[in-house]
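The listed protein sequences derive, respectively, from chains A and B. Sequential numbering of the first sequence, starting at 188, is according to this note's numbering. Sequential numbering of the second sequence, starting at 188, is according to this note's numbering.
Just to be clear, a hint being listed does not mean it is correct.
Since the list gives no way to pick one copy over another, a pair counts as held whenever it fits inside one copy or between any two copies.
To be verified - Pairs of lysine-lysine residues, derived as DSBU-like cross-links and limited to a Cα-Cα distance of at most 35 Å, are as follows:
(1) 323 - 608
(2) 439 - 469
(3) 418 - 608
(4) 542 - 439
(5) 542 - 323
Worth flagging that the hints you see were computed from the coordinates, not collected in a lab. This one's a predicted model, so the numbers in the text were calculated from it and none came from an experiment.
2 protein chains.
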Amino acid sequence: MPREVREVTATIICIGDELLIGQTINTNASWIGERLSLHGIRPVEVRAVGDELDIMLRVLAEATTDVVLITGGLGPTKDDITTHALCRFFGGRLVRHPEVEARIEAMFQRLGRTLSDLDRSQAALPEGCTVIPNLKGTASGMWFERQWEGMSAPRVYVSMPGVPYEMMAMMEAEVLPRLCATFRPPTIVHRTLVTSGMAESRLAERIAPWEDGLSADGIRLAYLPSPGMVKLRLSAYAARDAAEVRQRVDLKARELQALIPDLIFGEGTDRLEEVVGDMLRKAGQTLGLAESCTGGRLSHLITSVPGSSAYYRGGVVCYANAVKVELLGVPADVLEREGAVSRPVVERMAAGAGKTLHTDWSVALSGVAGPDGGTPETPVGTVWMAVAGPNGVRSTRSIFPGDRDLVIQRSAVAALNLLRKRLLEARG
Amino acid sequence: MPREVREVTATIICIGDELLIGQTINTNASWIGERLSLHGIRPVEVRAVGDELDIMLRVLAEATTDVVLITGGLGPTKDDITTHALCRFFGGRLVRHPEVEARIEAMFQRLGRTLSDLDRSQAALPEGCTVIPNLKGTASGMWFERQWEGMSAPRVYVSMPGVPYEMMAMMEAEVLPRLCATFRPPTIVHRTLVTSGMAESRLAERIAPWEDGLSADGIRLAYLPSPGMVKLRLSAYAARDAAEVRQRVDLKARELQALIPDLIFGEGTDRLEEVVGDMLRKAGQTLGLAESCTGGRLSHLITSVPGSSAYYRGGVVCYANAVKVELLGVPADVLEREGAVSRPVVERMAAGAGKTLHTDWSVALSGVAGPDGGTPETPVGTVWMAVAGPNGVRSTRSIFPGDRDLVIQRSAVAALNLLRKRLLEARG
């Protein structure tokens, strides 16, 4: 980072015994770390501690960063003691907030539930804090500013619920904007291109010569892999002239796009199921599915997108062969002769789904997710995928590594990517 | 914990910038935490810090537990500085270990690679440490014992690689056995009962009087919630007589079982979809699904269980109303009159799925997952669920809180639980 930029640092403190004993993986910390980084605030430490007052007080006292973000321990039960610890640390008492109580009451009313005293106790918060509303749950966020002796600027402490979607909504809507307004962290220019269809190590080899030239331009490249996908993030600090830095990053993004156009399907937080959904919506076309080995995983992916009912009509999960025959019209003799995990069967499944569900496009999968059921010719991980559409039927076979869950997940993503490519071809 | 038991505590320190900026989720910490807990060593804190010397030295100095486990930062590249930090912290110099160098050389030979000076540098380790062999990679583990002034027993520091499978192999083969031999930690007796059908706060109220009596018996209760479920874990330290403590914990587990028999569906790592699958398998009965709002999520849950094809025949995801009519035989006029999210429709969906898929049992869901599509009478989160089986059709309506994904997940779990109850009734 250039010298003239004042760095803003953060500590992330996560509360809960479940984080220490392996019951819960700390995904909150990594999500917060990424969001802070992208806003120019540098996380220097993550601490996870249990629901114990003494340790919480010590950890709060040891934090020396500009920002201290705390998650968890705000529930209504006895083992949730974050609010109590904050009261002790900042030296105040609990004050009942009528507007918070009203919000909790309204939330319970909407759900048709009655409020208990325990639920009501969540409206009691330490005095001197700014209440941050929780739009998704009953535990309010709390914002404290303290300028301890000898400090040139105030330190900000924010306490948030540990439930991921409540915390995330609060971070995006309230905490990040407030932190940026308070500390004015340096701008970080970043662009993320999302790829599917090639593993991280092979992708790295393919773009190695181009990647070597990045550092001379002050640009960093990060590989962010997840099953079936790799995100490529370009980032650079912008001290003063953000526009110039943005131009440099944009140029590199265009170079990367030209280098691997076959692999890049979107930008930023684009999801493959959204990209495919947009293509279908714009084309005014519909989709149907026939899933065997993926057992509904692809349907779940597609319907995780709000508004997917505009193009997704439905699917058939055909675990039993009789369902393939009766609902999808796969001839029993073809099934018998070729086996369920075969090109002829998966292509007929796709065609049958299109006919049964009256859709323009249909995708079918049949494979061996494991751990049992593999043979020397068709080992565990073998998956046939077919896409049927206005431009005919096409199918492909892959062998995916990993356990049952990973095979299912990778198959679903690969089938979606196949559909994307067929949609692109059809658009021509 | 009873007074006579000396508790053994641990700090887990994870090194690496990737842990702070959200590039890598810290699965090492949760795995280590679980392994330690099950061996009677209590993790009191997890700290993740970047590859920075000053911060590492501070974090090492602040650890006051019996055991300090360090992962990561042992690679050969410049940004891996754990070895350097340990040298500084313990005050020694780097010593080249010929036997370690020979092992690295042999490993490279096996892979057909030549050793660089950088690779060879991994054989240089701080003097005064016991080398722990890495059977899966080139970075050796290091074991330090130090009895600082005023301490009654030595503190143990162990440095391990950050690559998960290398670390795990080293923990299992060397580190855990050595820690147990050094500290002789107390046995921990624990039992976990898994519940579904009641939220954490209401569950806590229901069992509060019973819970209050636990501490007198030296037993702790932890609530471990996840969407649609709450695990209740009873645990107690066993100083000498583990059998007696186990009896006490078993008694409490039986009491809890008697208190909430309607909510408890299993033990330990039991999953609802496995429990239901076992019931179906034992009854020699089959299952089919009709999913609207859950879009395949319940089917995915059921098929995540290996061997589910023994009882699960398949499902219909009926996003479009025409699919409800054509594949499930829901009368068009009922759909028109009652709306898709209604008791008459969901009961006909369930009956239709049983008929179309030729199954003994069938489950149907229809609801508003959101974020759009809600009305004053049928707000977002409203879900109708029906189970049809040998003992007739029954349906119920719930309103689930949370975003689209959570509503879908909670609905799927609730429907499974409904099926479990109907299966229990049918069994009599």
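Going down the list of hints, with the structure as the test:
When the C-alpha separation of residue 323 and residue 608 is checked against a cutoff of 35 Å, the pair qualifies only between copies, where the shortest distance is 30 Å, while the shortest distance within a copy is 38 Å. Only within a single protomer do residue 439 and residue 469 lie at most 35 Å apart by alpha-carbon distance; the minimum there is 29 Å, versus 60 Å between protomers. In this homomeric assembly, residue 418 and residue 608 come within 35 Å of each other (Cα to Cα) only inside a single copy, at 18 Å, whereas the closest approach across copies is 44 Å. In this assembly of identical chains, residue 542 and residue 439 lie within 35 Å of each other by CA distance neither inside one copy nor across copies; the values are 45 Å within and 58 Å between.
Proximity of residue 542 and residue 323 under a CA criterion of 35 Å is satisfied in neither setting, with 42 Å inside one chain copy and 40 Å between copies.
In the structure shown, a violation is registered for the earlier hints numbered 4 and 5, in ascending order.
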